[in-house]
Amino acid sequence: MSKRVVSIIVFPGSNCDRDLEIAVRNHMNVKTEYIWHNETNLKNKEMIFIPGGFSFGDYLRSGALATKSPAIKEVIRLSKKGVPIIGICNGFQILTECNLLEGSLIDNYNQLFICKECFLRVENSESMFSSNLNKSVVKFPIAHAQGNFYTSKDDLKRLEDNNQVIFRYSSEKGRVSKISNPNGSLNNIAGIINKEKNVLGLMPHPERAVDSLNDRDGIKFFNGLKNFI
Amino acid sequence: MIYRVYINFKKGILDPESEAIMKTISRMGFSSIKKVSKGKFFDVEISKTKKGLKDLEKISSDLLSNPVIENFKIIKK
Amino acid sequence: MIYRVYINFKKGILDPESEAIMKTISRMGFSSIKKVSKGKFFDVEISKTKKGLKDLEKISSDLLSNPVIENFKIIKK
Amino acid sequence: MKKLSKKIIEEHGLTEKEFSLIKNILNRDPNLLELGIFSVMWSEHCSYKSTKKWLKTLPTRGRRIICGPGENAGIIDIGDNDAIVFKMESHNHPSFIEPYQGAATGVGGIMRDVFTMGARPIANLNSLRFGSPKHSKTKHLLSGVVKGIGDYGNCVGIPTVGGECSFHESYNNNILVNAMCVGLVKKDKIFYSTAKGNGNPIIYVGSKTGRDGIHGATMASAEFDETSNENRPQVQVGDPFMEKLLLESCQELMKENAIIAIQDMGAAGLTSSSFEMASKGSCGVKLFLERVPCREENMTPYEMMLSETQERMLMIVKPSKVKLTLNIFKKWGLEAVEIGLITNTGNMEMFFKNKLVGNLPIKPLADSSPEYDRPSVKPKLKKKKRNYKNLSIEEALIKIISSPNHSSKAWVYNQYDRSVMCDTILSSEQGDAAVVRVHNSNKAISITCDCNPVFCKSNPLLGASIGVAESWRNLIASGAEPIAITDNLNFGNPEKKEIMYQIKQSIKGIKIACEALNYPVVSGNVSLYNETKKKSIFPTPVIGGVGLIKNINHAKGFKMNEGDKIYLVGESSGHLELSEYNMMCNNFEGYPPSLNLKKELKNGLFVQKFIQKYNNVVSGCHDISEGGIILALAELAISNKKGLKIQSKKSLKELKKWLFCEDQSRYLLIIKSDEEIVRYAKIKKIKIKKIANVVGESFTVTNRFDIPVKKLINYNNKWFKKFLDK
Ligand SMILES: Nc1ncnc2c1ncn2[C@@H]1O[C@H](COP(=O)(O)OP(=O)(O)O)[C@@H](O)[C@H]1O
Ligand SMILES: [Mg+2]
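Chains as they are written, first to last, in the working numbering: chain X, 204 to 432; chain G, 2 to 78; chain H, 2 to 78; chain Y, 100 to 825.
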């Protein structure tokens with residue numbers, strides 16, 4: 204195992220921290236360290252994950268209350284230095300709430316929590332987060348009530364023009380249409396990166412697709428991250 | 002005609018959301034903020050008839066609010 | 002001192018909840034109801050200082066609302 | 100002291116006899132606070148006064164049983180120092196009043212019962228009964244309850260992996276919401292609720308106490324009348340985030356060797372938790388009520404003792420660990436307070452601002468709680484003349500799969516996070532039971548919830564036995580060895596002789612089946628007075644079963660592959676009474692199919708052993724229940740999006756009976772080759788028959804009809820969407 208250590212930020216209401224930790228440890232071959240939300244100093248600055256869950260109960264707006272915690276302030280600072288940061292589900296919501304990523308994740312179009320398997324078309328394999336996924340279609344589950352990606356028309360155009368969209372909800376064959384859009388996201392967006400290309404947010408859960416008993420596309424995702432720490 | 006229907010929790014009902022928000026505000030160090038309590042409102046456009054207002058009252062109690070835990074108040078905008 | 006902070010969606014943002022409510026209202030046959038749009042408010046108690054109001058403005062824009070999708074307005078109660 | 104008026108005593112749901120018993124115990128009149136405590140402790144909900152006598156007859160012991168009824172939840176041994184903690188509990192009345200909060204707090208309550216014992220919850224299930232879809236309230240109740248269950252479990256991060264959801268007019272004004280939670284604990288890290296140690300501090304942690312659901316426990320024991328719609332009692336609001344904080348902080352504290360006893364504050368809140376802990380340990384308690392954290396101003400001792408505010412725990416800790424305890428809770432942002440201590444007086448002494456406001460003997464109060472042997476009489480089943488229809492096989496099949504009770508429940512389960520914790524191998528739509536891996540191991544547990552109220556109404560004893568057998572069968576079909584059950588007994592008013600008959604017979608039916616199948620009861624819950632306007636629900640004894648899969652590769656669901664063959668295990672007599680087929684034809688009369696428990700055991704063990712021995716040739720397995728063979732086959736086709744060809748040389752009349760009959764103790768095994776099963780069945784003297792092949796894209800009954808599976812799927816997917824969009 205490599206000596207490198209990846210940081211995982213933990214809030215009292217995080218509930219995918221353990222699952223993520225296992226996926227990272229097993230499929231990135233690194234050590235991991237949990238960072239409690241009120242820590243002000245991150246020892247390991249090579250790569251930071253923000254896991255899914257309900258950080259502070261997801262009251263107000265999902266992810267909003269979490270942005271005020273010391274650890275996130277540190278994440279914001281480190282993001283400016285180019286440290287790779289990955290937010291999954293609630294992590295993505297936190298990243299948009301603290302403006303490290305554009306847009307906002309509002310209520311699913313059907314007003315319900317949705318848990319199901321989704322196919323995702325990988326849009327951009329130049330990004331470090333998706334280089335291993337090679338413009339393929341992958342299958343990760345989603346489980347959220349606020350995953351409906353929204354942003355202004357201009358911002359959306361900029362995101363698309365800059366190739367910042369990484370994952371889009373699609374059919375098994377990669378067709379992107381209304382039918383394959385589970386939550387109403389603009390342009391079927393499931394995951395984006397920032398302009399500087401070091402911050403990724405995605406609603407689906409790759410850490411729930413690393414098991415020999417289920418789907419394994421998540422393994423490719425984590426394997427691909429190995430080269431960037 | 003536009004009316005605003007205000008909805009808030011009945012007295013004594015647990016409001017975990019307001020509590021969580023208040024905790025965060027304190028953690029952020031804003032000592033001048035003493036208490037937060039949340040409510041919602043609906044701006045409803047109705048036709049200018051007697052029936053309009055009656056219908057509004059009906060949907061306010063039956064649909065917009067949950068009378069078991071919430072109160073509502075209709076105010077002309 | 003209590004202030005009320007009103008928050009609503011920016012123009013042009015699709016609000017699934019308001020849409021769903023409007024659909025239900027039409028289905029229920031209330032033809033006099035034309036449009037519904039949702040917002041929320043916070044009643045905030047602050048200390049009677051200059052700082053109090055400034056702090057309130059700060060948390061209204063930084064925490065209570067999300068500028069990508071929402072506007073806010075502070076009104077003395 | 101002011102004498103309590105007759106009216107007040109009545110309002111507390113106590114009979115005259117019960118009140119004089121109280122005076123005898125105290126040698127004086129109780130004051131209002133004490134009366135309130137007696138009333139909740141002696142309510143049906145807390146004292147089980149109508150059912151205690153019968154519950155005692157249930158089998159509760161077994162090789163794998165670590166803890167049976169009497170604690171917060173039951174515990175079974177699954178080897179390797181691992182144990183499984185589980186229980187089911189109802190939240191029927193609150194969910195009818197406020198479906199979202201009622202169901203949510205039901206889930207919260209049962210999870211606390213499980214993690215109170217040291218276990219980490221690993222799966223939630225639920226059993227839901229709503230009124231007729233035509234009833235005006237059903238839609239609102241359905242959407243609120245499902246959302247409430249989902250939101251709560253999702254937020255805490257426990258997968259909701261299965262359950263049942265069905266509709267029947269007998270639940271029109273009294274829905275059933277039964278929630279089950281299953282947790283995992285190391286055998287040597289189990290916590291119990293027996294208080295010990297004179298002088299040991301009592302710690303309160305969690306939400307501040309409000310005036311929520313005061314008298315909820317007595318309310319749950321009183322029949323609904325027409326006015327309860329207006330006189331709505333205060334409902335409890337759930338805070339799943341607080342629950343998550345309690346769960347994590349308790350788990351952290353439980354590593355510290357600090358806790359002597361721990362108990363959640365459930366029904367009757369501080370009263371029942373403190374009384375039960377003290378009574379189990381035969382000790383006394385001193386409470387200083389002004390220390391109880393309160394959400395509202397001017398709360399009285401009466402309100403504090405009786406409040407049912409959710410997300411609160413009570414624990415006795417070692418004096419030397421108080422500081423550490425408070426620090427751990429602080430880390431999680433929780434308020435924890437030392438509100439009292441254990442004494443050796445045997446009394447519950449309640450102080451408020453230095454004044455003794457109540458003083459009750461604990462043991463007598465608990466031990467002499469009333470126990471009734473209420474009279475019972477067999478109800479006469481009314482015969483109703485109806486016009487029976489006659490449906491073709493195809494018509495009936497389509498009618499069944501598009502009916503509310505057998506339509507795809509995707510709308511429901513998609514609202515439940517089933518994949519969090521990454522150990523869900525099968526959620527309940529993928530097999531007869533949900534299968535959840537024991538984290539970081541090669542074994543799994545299998546879980547299911549079952550009841551057939553239509554059978555129970557016609558014959559409560561047989562119906563309840565069938566419920567137990569069906570849950571056992573579901574576990575077998577999933578590849579497990581069934582271990583034990585929890586039960587949730589939902590009935591009407593026990594003061595009515597006909598209802599008491601249903602209760603007694605159902606418990607007897609459970610007992611008989613559990614004994615025959617070596618499948619004991621480790622925990623449970625009773626919900627009575629499920630009546631509105633004098634109309635009672637169908638008797639609904641819900642069974643929650645748990646089994647063990649020692650080798651995770653033996654877990655079986657509905658999976659089948661092109662070329663597989665489907666074998667029927669067990670015998671069919673053609674019993675159509677009370678079957679889905681008959682009901683579709685408007686015929687609701689008759690008796691449930693008979694149940695031969697010896698045969699049940701024999702067929703089940705055959706399937707179990709066959710899976711273990713020949714795992715590699717078994718693609719999947721499905722038991723046969725409502726809807727008979729044809730529905731079981733259709734479910735397989737729909738779930739796999741694959742065609743099936745069903746062969747039979749029977750005459751049309753015989754064929755119909757055979758396809759739709761609901762005879763018990765039968766399974767479908769989906770097998771890759773014939774040789775092994777034919778040989779093994781011969782050795783074990785089991786009747787098997789190849790009845791279908793997995794082929795193509797059509798569902799075919801040879802020479803009778805043929806329908807594309809896509810079309811079946813469409814029929815199956817329509818109902819919920821249409822109903823909810825209406
Ligand atoms: N129908 C039943 N079958 C078996 N055990 C039961 C049944 N009903 C209740 N019990 C047991 O009685 C005890 C008290 O149950 P209950 O009052 O529901 O607990 P709680 O106070 O946690 O809500 C528990 O140990 C429970 O398992
Ligand atoms: Mg309990």
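None of these hints come from the bench; they were simulated from the model.
Every value quoted in this text rests on a predicted model; they were computed, and no experiment measured them.
Be aware that one or more of the hints could be misleading.
[What the hints assert, rightly or not] Simulated crosslink set (BS3-like; lysine-lysine; CA at most 27 Å straight-line):
| no. | chain 1 | residue 1 | chain 2 | residue 2 |
| --- | --- | --- | --- | --- |
| 1 | X | K319 | Y | K452 |
| 2 | G | K11 | H | K77 |
| 3 | Y | K116 | X | K276 |
| 4 | G | K11 | H | K39 |
| 5 | G | K36 | H | K35 |
| 6 | G | K12 | Y | K825 |
| 7 | H | K36 | G | K36 |
| 8 | X | K271 | H | K55 |
| 9 | Y | K825 | G | K59 |
| 10 | H | K74 | G | K12 |
| 11 | Y | K825 | X | K319 |
| 12 | G | K12 | H | K49 |
| 13 | G | K35 | H | K41 |
| 14 | Y | K825 | H | K36 |
| 15 | G | K12 | Y | K307 |
| 16 | H | K35 | Y | K820 |
| 17 | X | K381 | Y | K817 |
| 18 | H | K55 | X | K356 |
| 19 | G | K35 | H | K59 |
| 20 | X | K381 | Y | K122 |
How the hints compare with the structure:
no. : hint              : verdict
1   : K319(X) x K452(Y) : violated (55 Å)
2   : K11(G) x K77(H)   : holds (22 Å)
3   : K116(Y) x K276(X) : violated (66 Å)
4   : K11(G) x K39(H)   : holds (20 Å)
5   : K36(G) x K35(H)   : violated (36 Å)
6   : K12(G) x K825(Y)  : violated (34 Å)
7   : K36(H) x K36(G)   : violated (33 Å)
8   : K271(X) x K55(H)  : holds (18 Å)
9   : K825(Y) x K59(G)  : holds (19 Å)
10  : K74(H) x K12(G)   : holds (25 Å)
11  : K825(Y) x K319(X) : holds (24 Å)
12  : K12(G) x K49(H)   : holds (25 Å)
13  : K35(G) x K41(H)   : holds (19 Å)
14  : K825(Y) x K36(H)  : holds (20 Å)
15  : K12(G) x K307(Y)  : holds (15 Å)
16  : K35(H) x K820(Y)  : holds (25 Å)
17  : K381(X) x K817(Y) : holds (19 Å)
18  : K55(H) x K356(X)  : violated (32 Å)
19  : K35(G) x K59(H)   : holds (15 Å)
20  : K381(X) x K122(Y) : violated (71 Å)
Consistency note: the structure conflicts with the earlier hints numbered 1, 3, 5, 6, 7, 18, 20.
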